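Chemist: Sequence:
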Amino acid sequence: MQDILSLMNSLRRPRLLVHTARIGADDYRREKHLRRILPGLAPGRSGPVLMRLIEIEASLDASRRASDASYSVARHIEVLAAMLGEARLMRERA
1 MQDILSLMNS
11 LRRPRLLVHT
21 ARIGADDYRR
31 EKHLRRILPG
41 LAPGRSGPVL
51 MRLIEIEASL
61 DASRRASDAS
71 YSVARHIEVL
81 AAMLGEARLM
91 RERA
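For the sequence shown, the numbering used here begins at 1 and goes up steadily by one.
Think of the hints as simulated: they come from the structure by calculation, not from any bench.
Do not take every clue at face value.
Unchecked claim - Taking CB as the label site, the calculated pair distances span: (1) A66 x G44: 19 to 25 Å; (2) V73 x G44: 24 to 30 Å; (3) V18 x E92: 28 to 34 Å; (4) G47 x S67: 28 to 34 Å.
It should be emphasised that the depicted structure is a prediction, and the values quoted were computed from it without experimental measurement.
Glycine included, C-beta positions come from ideal geometry on N, C-alpha and C.
Take these sequences, add in the hints, and give me the full structure.
Modeler: Next comes the structure, spelled out in structure tokens:
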């Protein structure tokens, strides 16, 4: 668990993106949001879910950095908010 949280702490993203995601994380509801972000994946333990979210976010960040036309800032914020929400759940359960 600590390695995943360390990985999260080492991410460097634009301040406005992270600030907005933190606001979104306050309203994070696991069942509702994960169903939209990870369709077909039943929410299990936070660790594997968080790792999948980190992979998705890395892909989104690569698109952002490449100025890809298909990049969605709303999707990026949604995934970052879910990451923060899952990390919060992991800390609470530990």
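Chemist: Next step is simple, just say for each hint if it's right about the structure.
Modeler: Evaluated hints:
Between A66 and G44 the Cβ separation comes to about 32 Å, which falls outside the hinted range of 19 to 25 Å. Against the hinted window of 24 to 30 Å, the Cβ-Cβ separation of V73 and G44 comes to about 28 Å, which satisfies the hint. In this structure, V18 and E92 break the distance hint of 28 to 34 Å, their C-beta atoms being roughly 20 Å apart. Separation of G47 from S67 is about 33 Å and conforms to the stated range, judged on CB atoms against 28 to 34 Å.
Of the hints listed earlier, those the structure fails to meet are numbers 1 and 3, in rising order.
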